[in-house]
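A.B. asks: Since the structure of chain A is provided, determine the placement of chain B on it from the hints.
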Amino acid sequence: MQSSYHIYPCGDHALTIELGDRIDTAVNDRVIALFSHLRMLNKQGIMDIIPSYHTVTLVYDLAAFPEAEDATVYDQLSNWLHTVIKHTDAISINKRQISVPVCYDVSLGWDIALLAEERGLTVEEVAQIHHSVPYRVYLVGFLPGFPYMGTVDARIAAPRRSSPRTNVPMGSVGIAGTQTGIYPFDSPGGWQIIGQTPLRLFDVRRPQPCYLQPGDEVRFHPVSLTEFKQMKSHGHTHH
Amino acid sequence: MGIRIIKQGLLDTVQDHGRYGHQHWGINPGGAMDAVAMRVANMLAGNEWNEPVIEMHFPAAELLFEEPALVAVAGADFNAAFNGMACDTNKLLLVRKNDRLHFTAHRKGSRAYLSVKGGIVADEWLNSCSTHLKVQAGGFAGRALHKNDTIRYKYAFKQAEKYTAQPAWRADVQHLYNGRAIRFIPGAEYHLLDEASKEYLHNEPFLLGRKSDRMGYRLEGVSLGYSNHQQIISTAVTRGTIQLLPDGQLMVLMADHQTTGGYPRIGHVIGADISSLSQTVPGSEIRFSKTDLATAEKLFIRQQTDLRLLQNACTLRLTDWLQQ
Numbered sequence: 001m002q003s004s005y006h007i008y009p010c011g012d013h014a015l016t017i018e019l020g021d022r023i024d025t026a027v028n029d030r031v032i033a034l035f036s037h038l039r040m041l042n043k044q045g046i047m048d049i050i051p052s053y054h055t056v057t058l059v060y061d062l063a064a065f066p067e068a069e070d071a072t073v074y075d076q077l078s079n080w081l082h083t084v085i086k087h088t089d090a091i092s093i094n095k096r097q098i099s100v101p102v103c104y105d106v107s108l109g110w111d112i113a114l115l116a117e118e119r120g121l122t123v124e125e126v127a128q129i130h131h132s133v134p135y136r137v138y139l140v141g142f143l144p145g146f147p148y149m150g151t152v153d154a155r156i157a158a159p160r161r162s163s164p165r166t167n168v169p170m171g172s173v174g175i176a177g178t179q180t181g182i183y184p185f186d187s188p189g190g191w192q193i194i195g196q197t198p199l200r201l202f203d204v205r206r207p208q209p210c211y212l213q214p215g216d217e218v219r220f221h222p223v224s225l226t227e228f229k230q231m232k233s234h235g236h237t238h239h
Numbered sequence: 001m002g003i004r005i006i007k008q009g010l011l012d013t014v015q016d017h018g019r020y021g022h023q024h025w026g027i028n029p030g031g032a033m034d035a036v037a038m039r040v041a042n043m044l045a046g047n048e049w050n051e052p053v054i055e056m057h058f059p060a061a062e063l064l065f066e067e068p069a070l071v072a073v074a075g076a077d078f079n080a081a082f083n084g085m086a087c088d089t090n091k092l093l094l095v096r097k098n099d100r101l102h103f104t105a106h107r108k109g110s111r112a113y114l115s116v117k118g119g120i121v122a123d124e125w126l127n128s129c130s131t132h133l134k135v136q137a138g139g140f141a142g143r144a145l146h147k148n149d150t151i152r153y154k155y156a157f158k159q160a161e162k163y164t165a166q167p168a169w170r171a172d173v174q175h176l177y178n179g180r181a182i183r184f185i186p187g188a189e190y191h192l193l194d195e196a197s198k199e200y201l202h203n204e205p206f207l208l209g210r211k212s213d214r215m216g217y218r219l220e221g222v223s224l225g226y227s228n229h230q231q232i233i234s235t236a237v238t239r240g241t242i243q244l245l246p247d248g249q250l251m252v253l254m255a256d257h258q259t260t261g262g263y264p265r266i267g268h269v270i271g272a273d274i275s276s277l278s279q280t281v282p283g284s285e286i287r288f289s290k291t292d293l294a295t296a297e298k299l300f301i302r303q304q305t306d307l308r309l310l311q312n313a314c315t316l317r318l319t320d321w322l323q324q
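Those protein sequence lines, which keep their order, are chains A and B. Sequential numbering from 1 applies to the first sequence in the numbering used here. Sequential numbering from 1 applies to the second sequence in the numbering used here.
For reference, chain A alone in the conformation it holds in the complex (with noise of 0.2 Å):
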């Protein structure tokens, strides 16, 4: 990687490099990179490797290596890093696509109705400006498997509830500012709801339990309430 870079501690246990200082998608495409090939290196003592917007942290075992008078783990981590981050441009990345089926009926889209008339559309227009464009997954967290998703068109995009709700739906597709998002339980949460997905987005059973991954690429696509009645009866999970 060209580009510059820094890595800071996050404790004594932790250790994050920042390869941007903003939400975007060639500094995500840099962290996913990053990421990929940490995972394919699988070093001994790394026990979490965590990408965000425009970071990756690494979660490590200090007693995984060996003691040195002069350097701490940390220094021989962030020396170990600037070698494998000169050598990450190589990897090229297969970004997944995905589909994702949403229900944008004001039954199961509590928030919708109200977002349509404070921009003056319709609620089928709101539901047309989500589903019309691709949206990256940033990154995975808050929940196992919640998704972070961007970017919303500006005229969609709105800030959290002042007061968020004790229970939002499992599969409820909200919104927070210009990040698009899906909660995979029933939660307590912020966002505003614009609809519902029948799919699944975790599953314990599967050895690969989140239907989501950083660095996809999503695309949602409409169905009526009956469709997301059947799919919803037909136990619709991830393949």
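Just so you know, these hints were derived from the structure itself, not from any lab. Worth double-checking, as some hints may not be accurate.
Listed below are the simulated SDA-like cross-link pairs for lysine to any residue, each with C-alpha atoms no more than 20 Å apart in a straight line [what the hints assert, rightly or not]:
#1 B:134 <-> A:43
#2 A:43 <-> B:20
#3 B:108 <-> B:170
#4 B:134 <-> A:164
#5 B:91 <-> B:314
#6 B:298 <-> A:61
#7 B:134 <-> A:187
C.D. replies: Relative to the frame of chain A, chain B by itself:
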């Protein structure tokens, strides 16, 4: 046959070291809040260090042993009573059929750990038996223990009749904990705290809030001032990360923390002090002191060495006792 829950506790779950390697899916590691006590419980029982144990909060469950076993309780002191008689923590206990263990007073610490020699039967999910309550997986059916649950032993202790006296030794664990200020390393946004707030952080006590739980510790103190209100882009956080919330109060992330966060990171509690912090009781005082990364690493390695020494001592004692 195993341990039956006679009376349900506040929050008793099966935990091991935690579930690592899946945080990129938003799956938090969880695991024993006090990893030192989990290890002590296991070493007393002669187990592998990462064998699943039962983590108990106060009021803790009342337990009935349906068949003989060697068990150990470590961590918090909840005034354990064995068949109604006071019994020590950090000690191996020979239990026979229909023996009872219950906990009568919240004396010291927040979390006690029960191990069984040979281990308990627990569900594994993504290479860990820690209970993930949100996902409802791992441990005992992915949930807290209820009345009438039976946690089975992996092995029966068949030679129990051979032994008449209880094991007599106790593990000395005091040196594994830090009884003074909790040490931290400055975080990426530490420098944005104003000087008065830094002074306060280094010199004044915080109160551990009542709402503190396995996810995070809420600290109550003066509202800390922060000079830059530029939005921070969400990034990974870890156990021990000290976040500054919008109201100026601090939150320390604990075992069940979210994997990412967007609040300023004031500091990170050092690995060697996480167990001490996890035994702090809500409503009591916490002080902080700043240290550096090199010191933090040394302290952690020393704690690991001390644990290994204790492990060796426990192995010798147990082997002697079993061969009596």
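A.B. asks: With reference to the structure, classify each hint as holding or not holding.
C.D. replies: Verification of the hints:
no.	hint	verdict
1	B:134 <-> A:43	violated (30 Å)
2	A:43 <-> B:20	holds (14 Å)
3	B:108 <-> B:170	holds (17 Å)
4	B:134 <-> A:164	holds (18 Å)
5	B:91 <-> B:314	holds (10 Å)
6	B:298 <-> A:61	holds (13 Å)
7	B:134 <-> A:187	holds (9 Å)
In terms of the numbered hints stated before, the structure departs from hint 1 and from no other.
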